[in-house]
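Top to bottom, those sequences are chains B and V. Numbering-wise (UniProt numbering), the first sequence opens with residue 1 and increments by one. Numbering-wise (UniProt numbering), the second sequence opens with residue 1 and increments by one.
Quick caveat, the hints were computed from the structure, so don't treat them as lab data. Since the model is a prediction, treat every value here as computed from it, not as a measurement. Misleading hints may appear alongside valid ones.
Unchecked claim - 27 Å max Cα-Cα, derived DSSO-like pairs, lysine-lysine:
# : chain 1 : residue 1 : chain 2 : residue 2
1 : B       : K249      : B       : K155
2 : V       : K59       : V       : K253
3 : V       : K332      : V       : K253
4 : V       : K59       : B       : K155
5 : B       : K370      : B       : K276
6 : B       : K250      : B       : K372
7 : V       : K332      : B       : K136
8 : B       : K370      : B       : K335
9 : B       : K136      : V       : K59
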Amino acid sequence: MKLSALQQSYLGRRSNSFRSSGPLDSSSDGAFKSPAAVFWLVLHGLSCLISLLLGFRFSRLVFLLLSTSSTYTSPFHSPTELAKTLDIRSVIPADPVGNVPLPFPNKTATNSRVVVGRHGIRIRPWPHPNPVEVMKAHRIIERVQTEQRLQFGVKDPRKIIVVTPTYVRTFHALHLTGVMHSLMLVPYDLVWIVVEAGGVSNETASLIAKSGLKTIHVGFNQRMPNSWEERHKLESKMRLRALRIIREKKLDGIVMFADDSNMHSMELFDEIQNVKWFGAVSVGILTHSVNTDEMAGRKKDEEENPRMPVQGPACNASDMLAGWHTFNTLPFAGKSAVYIDDRATVLPRKLEWSGFVLNTRLLWKDSSDKPKWIKDIDMLNGDIESPLGLVNDPSVVEPLGNCGRQVLLWWIRVEARADSKFPPRWIIDPPLEITVPSKRTPWRDAPPELPANEKPAMGIQDPIVKHSPKRASRSKH
Amino acid sequence: MRKWFWGFLFIAFGFVCSIAAERNPRTERISGSAGDVLEDDPVGRLKVYVYELPSKYNKKILQKDPRCLSHMFAAEIYMHRFLLSSPVRTLNPEEADWFYTPIYATCDLTPTGLPLPFKSPRMVRSAIQLISSSWPYWNRTEGADHFFVVPHDFGACFHYQEEKAIERGILPILQRATLVQTFGQRNHVCLNEGSITIPPYAPPQKMQARQIPLDTPRSIFVYFRGLFYDVNNDPEGGYYARGARAAVWENFKNNPLFDISTEHPTTYYEDMQRAIFCLCPLGWAPWSPRLVEAVVFGCIPVIIADDIVLPFADAIPWEEIGVFVAEEDVPKLDTILTSIPPEVILRKQRLLANPSMKRAMLFPQPALPGDAFHQILNGLARKLPHQKSIYLKPGEKILNWTAGPVGDLKPW
């Protein structure tokens with residue numbers, strides 16, 4: 001019976017091990033299959049015979065000899081516990097296993113170390129987190145997440161090339177820092193191409209240098225015009241410039257357009273890895289309306305525009321591209337912003353550049369596997385309004401983000417007044433000459449007010465008044 | 001001679017190849033002290049005879065309270081159902097290796113759903129009296145080749161309070177039988193040597209239904225939901241969980257790495273899948289369904305229960321899968337957990353990801369290969385063949401049928 005049981009278990013194990021090596025065989029190259037299979041069969045047959053002769057599982061012995069010992073032995077079992085287990089196992093105490101020291105030799109086998117009853121609640125003197133340990137824990141979490149990404153995330157991630165047109169203005173630092181921080185969190189290789197209208201400036205350069213990302217900073221020789229129409233056109237030209245740079249340098253990866261005032265979610269970068277040639281994602285349009293009464297009145301007949309309009313691909317029931325959701329500009333006719341600092345709503349174009357992603361191979365000059373429907377960027381006559389102008393046949397666009405159902409980024413345009421000025425690089429240097437303490441200081445024993453010999457403060461809440469003639473004060477209304 | 005040398009090299013190379021082939025980068029093979037036995041098939045290795053008891057011992061009890069099918073003690077019911085239709089069942093008791101008595105001893109529930117064990121000793125006694133009088137197999141060995149499923153708090157001690165349970169000890173007439181129980185603590189009266197420890201029942205469909213995508217990053221470091229103080233039964237504290245849960249709360253309630261609370265959220269299962277470590281401290285008894293949930297959701301269990309014996313301890317190398325923390329080391333829990341090297345953590349996660357590990361903790365209906373039912377049968381099969389000494393000579397009696405508290409001797 002013993003032998004038959006052995007055979008049974010061996011057959012069971014044999015099917016197991018074939019199961020585990022099966023997928024590997026199928027995944028390996030067909031040409032290499034036969035030698036490995038032959039090795040395995042011969043080896044297995046030999047082990048079977050030896051085990052039959054010996055009467056026990058031969059492979060166990062070999063595994064024992066060849067096995068790698070685990071580097072981490074549990075320090076949690078105190079020697080007393082080990083002693084306990086040894087105690088109950090050795091019925092004859094005359095021959096104990098000598099390799100574990102028994103510090104309490106007079107404890108009998110049935111004496112448990114664990115006592116029932118009331119125990120004290122152990123609280124350490126400083127029950128607060130230790131910062132060094134918190135950092136270690138965060139590193140552990142990072143390592144686990146990297147491993148998860150390796151196993152379950154995108155296989156073979158491609159480099160992402162981000163194109164951002166920008167120019168120096170009041171909100172420039174605000175917007176660019178936002179995009180920069182989003183890009184710093186992306187777990188893939190990144191190249192950031194920043195095209196700046198008005199030429200390369202130190203402000204932008206110092207900002208993007210802080211990111212630690214690989215950047216290509218180019219200047220564009222025109223200054224940014226003051227109307228939205230013109231601005232959109234210039235931005236398109238700047239983006240084409242960036243695409244030409246990609247073509248010259250033969251960068252390989254996925255191009256996405258990150259306008260500096262847009263807000264990107266991290267899932268966007270995971271999703272665009274799925275693009276084959278030309279993809280489109282849904283963009284949420286955040287248009288702000290200044291007049292709330294109008295909005296309330298409009299709500300009743302506002303069935304066409306959803307609460308947050310979305311631009312992007314539209315799919316039919318079988319998840320194929322059927323059309324495009326674009327922004328409905330009719331409700332805003334005549335009321336939209338014309339100049340950059342208008343208080344009226346800023347409207348997006350029909351289809352924003354930021355909703356499209358391209359494979360860089362589409363831009364290369366001589367790429368053998370380039371599809372036929374892509375136009376060469378050097379052959380464009382005039383500018384294109386959106387990347388769809390680059391394709392001959394718009395139906396080849398791949399809808400991403402669950403066929404356009406997921407909104408992965410948001411478009412918004414917020415700019416400051418045209419005459420608003422700000423300190424260069426947002427550094428107040430040299431320091432201010434006169435400071436006037438505010439009347440509402442919390443310190444009761446503050447020295448009495450200095451005789452004020454300055455012009456009256458323009459900012460009402462600001463206790464600090466700028467007086468240097470070089471500095472222009474910010475006018476607030 | 002040269003040919004033999006080359007032949008040996010050939011075999012050695014093939015051997016190395018086969019070892020490399022077995023290591024899947026995502027999961028790792030689990031081998032406990034009994035070997036790689038999680039995937040063993042018990043069919044053909046043992047035969048079980050199921051006694052036909054009158055339905056007052058099983059079906060009628062279940063009909064009275066169907067909640068018994070979903071609470072954590074439901075293993076006894078599902079084991080009965082599994083055995084009735086399993087290929088290991090034999091209708092011929094002469095060829096059986098093991099005998100099973102289907103008694104649902106943990107199905108007398110309070111209105112809130114907790115089982116009362118007060119009538120269970122009498123019920124078991126009456127069942128054994130029945131089988132010893134109607135079949136000769138009990139008297140042949142005085143129960144040494146019989147097994148019983150007793151999933152209650154302290155197993156066959158049949159009490160929920162530990163002190164009372166220790167006082168009672170294991171029911172005298174079950175002393176020779178093999179007990180399949182959830183309770184396991186070394187050097188404890190209520191754990192007989194040779195008992196098989198099983199996981200508590202956790203509903204497999206509920207857990208399967210709440211799985212989240214595997215690429216959701218694990219961002220919670222330590223997760224725990226449950227009581228820290230049992231104000232109803234232990235108002236002063238220090239008694240419940242031997243003060244260990246209270247120590248966890250007092251030391252780590254301010255620690256942002258520890259997501260611990262008494263509130264049970266609706267996203268409990270999803271949160272466990274987003275956590276790296278899940279605490280499994282003892283409560284009134286050392287075992288809890290948290291271990292099963294942690295294993296199924298891939299969260300490394302941190303077991304805080306001194307001397308606990310975990311389910312299928314001879315088949316599953318719990319030391320390599322979970323983290324054991326002594327109750328006195330609870331104040332240093334954060335130091336202990338953060339000082340584990342990341343490679344070790346990744347290895348534990350790989351072991352947990354092994355599907356055979358998850359299957360071994362569950363009681364699915366219908367039964368699947370490698371699940372907890374099969375592990376129980378594997379455990380029973382590993383105890384075969386029975387030693388000759390268990391068979392009593394005619395007229396020999398070892399068990400004392402009148403031992404135990406007087407209340408137990410009353411008929412049921």
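Quick rundown of the hints versus the structure:
no. : hint              : in the structure
1   : B:K249 <-> B:K155 : 25 Å, holds
2   : V:K59 <-> V:K253  : 46 Å, violated
3   : V:K332 <-> V:K253 : 14 Å, holds
4   : V:K59 <-> B:K155  : 53 Å, violated
5   : B:K370 <-> B:K276 : 11 Å, holds
6   : B:K250 <-> B:K372 : 19 Å, holds
7   : V:K332 <-> B:K136 : 15 Å, holds
8   : B:K370 <-> B:K335 : 44 Å, violated
9   : B:K136 <-> V:K59  : 55 Å, violated
Consistency with the previously given hints fails for numbers 2, 4, 8, 9, ordered from lowest to highest.
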